[in-house]
Amino acid sequence: MYNGGKIILGLIIFLALAAFPFYSNLGGSAKKAMPSLDTPVIQQLAVKECVKPGEYMKREHMKVLDQWRDEVVREGKREKILVGGREFEKSLQNGCMACHSNKEQFCAECHGYAGVKPYCWDCHLSGEGGQI
Amino acid sequence: MGMLFSLFMVAALIVVAYAGVAVVNMQNLFGVVIPYAAIAIFLAGVILKVLKWSRSPVPFHIPTTCGQQKSLPWIKHSSTDNPQTTGGVIMRMALEIFLFRSLFRNIKSEVTDGRATYGSDKLLWLGGLAFHLTFFTVLIRHLRFFAEPVPAMINTIDALDGFMQIGVPHLLMSGVILVAAAAYLLWRRVGISQVKYISLAADYFPLFLIISIGLTGIIMRYFAKVDIVSVKKMTMGLVSLNPVVLSGVGSIFYIHMFLISVLLIYFPFSKLMHMGGVFLSPTRNLSNNSREKRHVNPWDYPVKVHTYEQYEDEFREKMKEAGIPVEKE
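Heads up: the sequence lines are chains A and R, in that order.
Just so you know, we're using numbering that gives the first Met the number 0 here: the first sequence kicks off at 0 and counts up by one.
Just so you know, we're using numbering that gives the first Met the number 0 here: the second sequence kicks off at 0 and counts up by one.
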């Protein structure tokens, strides 16, 4: 082998980088992100129903929020949404968070897990139940 | 021919992954077995290939000289393009690896008005650099699926990558630039007749493969969304050696993962090994000091010599008989 020292050093660096996900997770417990639906308002609901089915909301909630933002802020369409006899306000704080008042256990649970940093809270207040 | 073959190969791979997951339900094979095999083949393949290279000597001192050699004190020395010292070589290699210095010299020759003209052609450099840097960014960004909690640095890169805040989920520029640059590199091979002439299936295949990987990733993020939390549980399961297969993760995820597995398997046996090869290029990693230090060919072996004195000792009598003059009586 020629230049063995340098080549082996290079290979060790390569292995250290390429195998990083494996050794950095050795013995780590498989944490599971479980958004909590346990809030006082949701507890009292007879029919636990969101504006869209859960599976849809899991994937597309950001689209719903984006669409609401455009409709309310830019087009002035503030009419409420009627789902299963319940009225929902097109609003993050007064709509979504009226029920999902547990931002840390609901929103942040998956966002933190998946490394997603939505910029909702750059402007919106995140107090319990949308209160300041 | 090579182009169509590669296109069909990549299309077939996509069909195989889709059918394997959506039709015959082999999630375990595509989500666990093949990714593990791919990682093993990639790591072992790269290491074995580099070790094989390390057994080849560099017979001659052959750095390419791209600037003024170290000379008299009043002649300006180009220390990175014609390095004299190890420090210069390190600078040269850094420029080569991070900024593709040698590709920056790319020229094109054309015949204009019946005369050959030569001009600078930076597009290949720009496209290649954009492709490699964004691919690296995308790779680093994916660490969010392989670390829990996600390191703050990864979140920062994600925020910088998406700082234009276009749409939701926010558009990550690196992904778009990656696919666009790869598409340009593909177009070069198709649209420029001289480049097309020298392009083989081995050139088209990785391009189609990487473009498909990029597109499936983009589709998965913006259009046919997958359950990202389940995806991360699967990827975390893989890297913590506790693999799980979760239902409800779309086929597109398995296609993405299968194409990446194919890329990893293909890597050590293809031109993609330039990742390791760039470090072992004697035209770049040697210092141009052959006037100061003698480079001994490692291939040299002790040569048996038979000097004239020995020759004369051996044949002196016969030479005298034949009347040939000898130096020693």
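Any given hint could turn out to be false.
Which residues of chain A face chain R? A partial, calculated answer using Cβ under 7 Å [unchecked claim]:
1) G4
2) L10
3) L16
4) Y22
5) N24
6) A32
7) D65
8) A113
9) G114
10) K116
Estimated spans, in silico, between C-beta atoms of each pair [unchecked claim]:
11) R/V175 to A/G26: 33 to 43 Å
12) A/E54 to R/Y196: 12 to 22 Å
13) A/K5 to R/M318: 45 to 55 Å
14) R/Y196 to A/I7: 51 to 61 Å
15) R/A179 to A/P117: 20 to 30 Å
16) R/S55 to A/E54: 22 to 32 Å
17) R/Y196 to A/N2: 52 to 62 Å
18) R/Q68 to A/N2: 19 to 29 Å
None of these hints come from the bench; they were simulated from the model.
All values derive from a computational prediction rather than experimental measurement.
Where is the CB? At the ideal position from N, CA and C, for every residue including glycine.
Exercise. Taking 45 to 55 Å as the hint, is the beta-carbon distance of A/K5 and R/M318 inside that range?
Worked result: This hint holds: roughly 54 Å between Cβ atoms.
Problem set entry | Hint check: 7 Å Cβ-Cβ cutoff, A/G114 to chain R | 3 Å, holds
For this session: Using 7 Å as the Cβ threshold, decide whether A/A32 counts as touching chain R.
Result: 5 Å, holds
Exercise. Do A/E54 and R/Y196 keep their Cβ atoms within the hinted range of 12 to 22 Å?
Worked result: 52 Å, violated
Exercise. Between R/V175 and A/G26, is the Cβ distance one that fits in 33 to 43 Å?
Worked result: With Cβ atoms ~38 Å apart, the hint holds.
For this session: Could you tell me whether the CB distance from R/Q68 to A/N2 stays inside 19 to 29 Å?
Result: 23 Å, holds
Exercise. Is the hint on A/L10 kept, meaning its closest Cβ partner in chain R is under 7 Å away?
Worked result: It holds, given that the least Cβ distance between A/L10 and chain R is near 6 Å, below 7 Å.
Problem set entry | Interface hint compliance - A/D65 to chain R, C-beta minimum distance less than 7 Å | Holds, about 5 Å.
Exercise. Between R/A179 and A/P117, does the beta-carbon spacing fit 20 to 30 Å?
Worked result: 26 Å, holds
For this session: Verify the interface restraint on A/L16: the C-beta must sit less than 7 Å from at least one C-beta of chain R.
Result: With a closest approach of 10 Å, the A/L16 hint is violated.
Exercise. Is 52 to 62 Å a correct range for the gap between the Cβ atoms of R/Y196 and A/N2?
Worked result: 37 Å, violated
Exercise. Is the shortest C-beta separation between A/Y22 and chain R less than 7 Å?
Worked result: Not OK, violated: A/Y22 not within 7 Å of chain R, min 9 Å.
When the structure is compared with the earlier hints, violations turn up for hints 1, 3, 4, 12, 14, 16 and 17 and for no others.
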